[in-house]
Amino acid sequence: MASDAEQGQLQPAPESFLPKDLVEDISRDGINSGRRSLLQGAFAAATASMVAPALMADDDPDIVNLPSWTRSLGKPVVANPYGQPSPYEANIVRRQSPGLTRTDQSSVSFTPLQNLFGMITPSGLHFERHHQGWVDIDPRRHRLMINGLVDTPLVFTMEELLRMPSVSRIHFLECGANTGLEWGNVAVPTVQYSHGMLSASEFTGVPVSLLLERAGFDRKRATVLLAEGADGSSMTRTINLENALDDALVAYGQNGEMLRPENGYPLRLVVPGVQGVSWVKWLRRLEVGDAPWATKDEVAHYVDLMPDGTHRQYTSIQEAKSVITAPSGGQKLLKQGYYDITGLAWSGRGMVEKVEVSVDGGRNWRAARLEGPILPKAMTRFHCDWIWPGEEALLQSRVTDSTGYIQPSRAQLLAVRGTRSIYHNNAIQTWRVGADGEVHNVQLG
Amino acid sequence: MSSWANTSILWLLASVMTPWAMAMPEGLADLGRPATDNEVAAWDIDVRPDFVGLPPGSGDVWAGEEIWLAQCASCHGDFGDSNEIFAPLVLGNITEEDIVTGRVASLTDPSITRTTLMKVPTLSTLWDYIYRAMPWNAPKTLSPDEVYGLVAYLLNLGYVVEDDFVLSDTNMAETQARMPNRNGMSLDHGLWSVSGAPDVSGSSCTVDCNVAVSVTSSLPAYAMNAHGNLAEQVRDWGPYPGLWTDSETATESEPLAAVSAVAEAATAPEAALTAGGCSGCHQMAGQLVGPSFNAIRARYAGQEHASYLRDKIVNGGEGVWGNMPMPPMPAVADDALQLMVAWLTSGEE
Numbered sequence: 004m005a006s007d008a009e010q011g012q013l014q015p016a017p018e019s020f021l022p023k024d025l026v027e028d029i030s031r032d033g034i035n036s037g038r039r040s041l042l043q044g045a046f047a048a049a050t051a052s053m054v055a056p057a058l059m060a061d062d063d064p065d066i067v068n069l070p071s072w073t074r075s076l077g078k079p080v081v082a083n084p085y086g087q088p089s090p091y092e093a094n095i096v097r098r099q100s101p102g103l104t105r106t107d108q109s110s111v112s113f114t115p116l117q118n119l120f121g122m123i124t125p126s127g128l129h130f131e132r133h134h135q136g137w138v139d140i141d142p143r144r145h146r147l148m149i150n151g152l153v154d155t156p157l158v159f160t161m162e163e164l165l166r167m168p169s170v171s172r173i174h175f176l177e178c179g180a181n182t183g184l185e186w187g188n189v190a191v192p193t194v195q196y197s198h199g200m201l202s203a204s205e206f207t208g209v210p211v212s213l214l215l216e217r218a219g220f221d222r223k224r225a226t227v228l229l230a231e232g233a234d235g236s237s238m239t240r241t242i243n244l245e246n247a248l249d250d251a252l253v254a255y256g257q258n259g260e261m262l263r264p265e266n267g268y269p270l271r272l273v274v275p276g277v278q279g280v281s282w283v284k285w286l287r288r289l290e291v292g293d294a295p296w297a298t299k300d301e302v303a304h305y306v307d308l309m310p311d312g313t314h315r316q317y318t319s320i321q322e323a324k325s326v327i328t329a330p331s332g333g334q335k336l337l338k339q340g341y342y343d344i345t346g347l348a349w350s351g352r353g354m355v356e357k358v359e360v361s362v363d364g365g366r367n368w369r370a371a372r373l374e375g376p377i378l379p380k381a382m383t384r385f386h387c388d389w390i391w392p393g394e395e396a397l398l399q400s401r402v403t404d405s406t407g408y409i410q411p412s413r414a415q416l417l418a419v420r421g422t423r424s425i426y427h428n429n430a431i432q433t434w435r436v437g438a439d440g441e442v443h444n445v446q447l448g
Numbered sequence: 331m332s333s334w335a336n337t338s339i340l341w342l343l344a345s346v347m348t349p350w351a352m353a354m355p356e357g358l359a360d361l362g363r364p365a366t367d368n369e370v371a372a373w374d375i376d377v378r379p380d381f382v383g384l385p386p387g388s389g390d391v392w393a394g395e396e397i398w399l400a401q402c403a404s405c406h407g408d409f410g411d412s413n414e415i416f417a418p419l420v421l422g423n424i425t426e427e428d429i430v431t432g433r434v435a436s437l438t439d440p441s442i443t444r445t446t447l448m449k450v451p452t453l454s455t456l457w458d459y460i461y462r463a464m465p466w467n468a469p470k471t472l473s474p475d476e477v478y479g480l481v482a483y484l485l486n487l488g489y490v491v492e493d494d495f496v497l498s499d500t501n502m503a504e505t506q507a508r509m510p511n512r513n514g515m516s517l518d519h520g521l522w523s524v525s526g527a528p529d530v531s532g533s534s535c536t537v538d539c540n541v542a543v544s545v546t547s548s549l550p551a552y553a554m555n556a557h558g559n560l561a562e563q564v565r566d567w568g569p570y571p572g573l574w575t576d577s578e579t580a581t582e583s584e585p586l587a588a589v590s591a592v593a594e595a596a597t598a599p600e601a602a603l604t605a606g607g608c609s610g611c612h613q614m615a616g617q618l619v620g621p622s623f624n625a626i627r628a629r630y631a632g633q634e635h636a637s638y639l640r641d642k643i644v645n646g647g648e649g650v651w652g653n654m655p656m657p658p659m660p661a662v663a664d665d666a667l668q669l670m671v672a673w674l675t676s677g678e679e
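Chains as they are written, first to last, in my numbering: chain A, 4 to 448; chain B, 331 to 679.
You may find that some hints are simply not true.
Pairwise CB distance ranges (calculated) [what the hints assert, rightly or not]: (1) A/E441 with B/V382: 56 to 64 Å; (2) A/K223 with B/G383: 15 to 23 Å; (3) A/V80 with B/A403: 49 to 57 Å; (4) B/G432 with A/G127: 46 to 54 Å; (5) A/E162 with B/N467: 30 to 38 Å; (6) A/I390 with B/M614: 53 to 61 Å; (7) B/P569 with A/K223: 43 to 51 Å; (8) A/V419 with B/R508: 31 to 39 Å.
Computed list of lysine to any residue pairs in SDA-like fashion (alpha-carbon distance at most 20 Å, straight line) [as the list claims (entries may be wrong)]: (9) A/K357 with B/P528; (10) A/K223 with B/S523; (11) A/K335 with B/W574; (12) B/K470 with A/H133; (13) A/K357 with A/H386; (14) A/K78 with B/L618; (15) A/K78 with B/A598; (16) A/K335 with B/P528; (17) B/K642 with B/A672; (18) A/K357 with A/N367; (19) A/K335 with B/P571; (20) A/K338 with B/W574.
Keep in mind the hints are simulated off the structure, nothing from the lab.
Ideal Cβ positions, reconstructed from N, Cα and C, are used throughout, including at glycine.
My request is simple: use the sequences and hints to build the entire structure.
Here's what the structure looks like:
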């Protein structure tokens with residue numbers, strides 16, 4: 004490699020000196036004398052002296068000594084036909100929480116919220132939760148059936164669904180068990196594991212209302228929908244029909260392309276504001292009904308244990324919640340001074356109205372700046388200026404949604420629901436910044 | 331906030347507030363076709379708590395045990411106590427009184443592991459789920475009679491039915507009426523509907539709020555690395571690098587994952603050639619500006635050519651393949667150079 008110790012010497016020629024048409028001519032006809040002289044001219048220009056000056060004390064060597072990428076030919080188009088992140092971003096990937104599950108097929112991978120920006124999750128970083136592994140479905144052989152309380156049970160091909168009127172909507176998708184590890188005590192070190200069963204995408208698809216109208220559903224009797232997947236588990240969940248008619252989609256698009264297989268390719272249900280388990284992936288069937296089905300994930304899991312020993316069943320809505328994503332647990336502030344505290348807020352009941360940030364554990368709060376657009380049942384990015392004085396701080400965020408609901412503190416949530424619910428933990432999160440700059444996940448009391 | 335942003339938000343609000351219900355456009359009725367009876371029967375296998383959808387059949391505890399040991403016990407344990415793979419289905423913890431009251435009393439005891447049978451109020455759920463999703467690696471291979479037997483065996487493990495019990499479509503309802511936690515579910519909450527009433531409320535206090543701020547829980551030092559080295563899970567060049575939690579094997583001065591990933595990315599010779607800029611003048615087959623890689627590989631097969639090729643790449647040359655000069659390529663990384671030369675001299679197809 005050209006070492007920086009060589010500075011001051013004649014630098015070698017970069018390779019990007021041949022005009023494209025000349026290369027094509029040579030490729031087609033070979034080299035004649037005319038072309039040879041053109042080439043030699045190009046070399047002469049390219050190898051003209053590039054002498055780096057001597058490095059002075061205040062000089063940044065990364066500026067003065069031109070790096071290799073400034074002195075070489077870059078890579079060609081379609082070197083990656085499907086673009087990939089920079090290799091320098093290799094740390095930013097979905098990760099499993101060790102010991103959380105005993106198999107990789109019925110498991111979870113978490114979104115690296117600590118290093119993401121804005122209100123959309125890159126599709127490749129969307130968290131995963133599968134109950135019986137994920138599958139690759141041939142879209143030509145995939146069908147959507149609508150049956151139950153309808154005039155005529157119908158079957159749609161993917162080609163037909165893509166012909167239908169479509170809408171694109173940005174919504175968050177949060178697992179009901181997000182932050183479930185933290186009910187009893189601090190259990191995980193970073194926001195990826197504490198809040199990373201949360202993602203948001205622009206979904207494109209056909210409104211459920213349109214498909215049900217096409218099938219002629221029984222408006223008088225129908226109260227619920229059963230959604231069913233085409234994978235081995237044929238996952239089923241009962242959906243609140245009234246809400247589904249408002250804004251649910253049978254979606255095939257995610258962030259401008261088709262759904263990723265891990266997220267339900269080629270078809271999934273989108274139920275805005277409702278916990279992820281109801282967004283049935285690899286969707287093959289919607290059944291219109293007049294009573295809930297009490298499916299496995301409505302009686303054995305996704306039921307919230309209350310202190311009196313009862314389980315709340317059919318808990319679906321993800322209530323308003325927020326979290327500071329940076330700085331957050333497992334990170335370190337290297338120096339005092341200005342920082343942009345940033346995070347995410349969302350509500351399954353509507354829009355984010357307000358986010359407040361505290362740096363003293365909730366004693367004093369100030370309004371954060373909300374980044375637009377603010378959309379219903381979508382993530383909203385917030386920011387808050389902060390000058391870290393190099394002392395201990397307890398960072399918190401608190402969201403108020405468009406219904407007036409205010410995100411509870413951990414003490415307020417536990418007073419009603421105890422510590423064994425597993426699901427729907429939307430308590431205010433605390434990150435402790437030490438005087439040494441280290442940020443740790445803590446709970447206060 | 332800028333006026334542009336305000337305008338754009340208003341516009342977006344207007345668009346999202348538009349009623350969703352889309353009028354069905356003319357011609358849409360041509361899309362989709364009626365499902366046949368066989369098609370509906372093939373997919374509509376769900377069973378509701380009122381047993382709508384339950385196919386006829388029967389199975390006894392002994393038949394269920396036989397299938398259980400062959401197809402279920404490897405994950406769920408011989409007695410439904412799990413095999414360290416899945417949560418236990420049955421572990422005891424259910425009393426005769428629970429079966430009478432329909433409430434599992436031990437659910438209030440945090441020291442007792444919750445099992446499936448302690449939670450499930452509806453027998454239909456067990457039947458439906460086993461039929462649609464089990465065995466885990468071969469779902470939908472069990473017959474209805476086999477499922478009746480398996481459910482009977484599970485109930486017997488939980489002392490809900492006797493050893494000689496036969497479960498069938500005709501006694502499902504009366505058996506469901508013995509489920510130990512049949513009265514243990516609550517719908518008294520606001521989380522079913524978007525417009526439901528919340529049960530918890532936060533505080534709107536903003537100044538001098540009376541809250542406890544002592545740290546009552548945090549990860550102990552020994553657990554900080556339980557999720558792996560946090561420094562390798564965070565962007566390592568930003569304002570908030572990750573904490574180095576791996577005290578065993580490395581120090582902060584060693585290169586992090588991202589850096590080594592850059593080197594790993596170019597482990598394929600073709601990738602190294604692309605990354606090194608070689609493909610600007612050379613292609614795999616056929617002369618471009620310079621000779622093809624195939625031609626070079628044919629001429630220089632053999633390790634003895636390695637140092638010669640290395641020199642040609644680094645320092646350039648002219649006259650070997652014609653008068654076209656090859657410029658020096660000193661910016662090619664050492665490991666990539668090694669990879670290229672090894673491949674060019676390998677003689678492999």
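Hint check:
1. A/E441 with B/V382: 56 to 64 Å: 58 Å, holds
2. A/K223 with B/G383: 15 to 23 Å: About 22 Å separates the Cβ atoms of A/K223 and B/G383, which means 15 to 23 Å holds.
3. A/V80 with B/A403: 49 to 57 Å: 56 Å, holds
4. B/G432 with A/G127: 46 to 54 Å: 47 Å, holds
5. A/E162 with B/N467: 30 to 38 Å: 32 Å, holds
6. A/I390 with B/M614: 53 to 61 Å: Check passed, 57 Å falls within 53 to 61 Å.
7. B/P569 with A/K223: 43 to 51 Å: Given about 59 Å between the Cβ atoms, the range is violated.
8. A/V419 with B/R508: 31 to 39 Å: 32 Å, holds
9. A/K357 with B/P528: 18 Å, holds
10. A/K223 with B/S523: 19 Å, holds
11. A/K335 with B/W574: 10 Å, holds
12. B/K470 with A/H133: 18 Å, holds
13. A/K357 with A/H386: Cα-Cα ~12 Å, so holds.
14. A/K78 with B/L618: 17 Å, holds
15. A/K78 with B/A598: 15 Å, holds
16. A/K335 with B/P528: 37 Å, violated
17. B/K642 with B/A672: 14 Å, holds
18. A/K357 with A/N367: 15 Å, holds
19. A/K335 with B/P571: It holds: about 6 Å lies between the C-alpha atoms, which stays within 20 Å.
20. A/K338 with B/W574: 17 Å, holds
Going down the numbered hints, you'll see the structure goes against 7 and 16, while the others check out.
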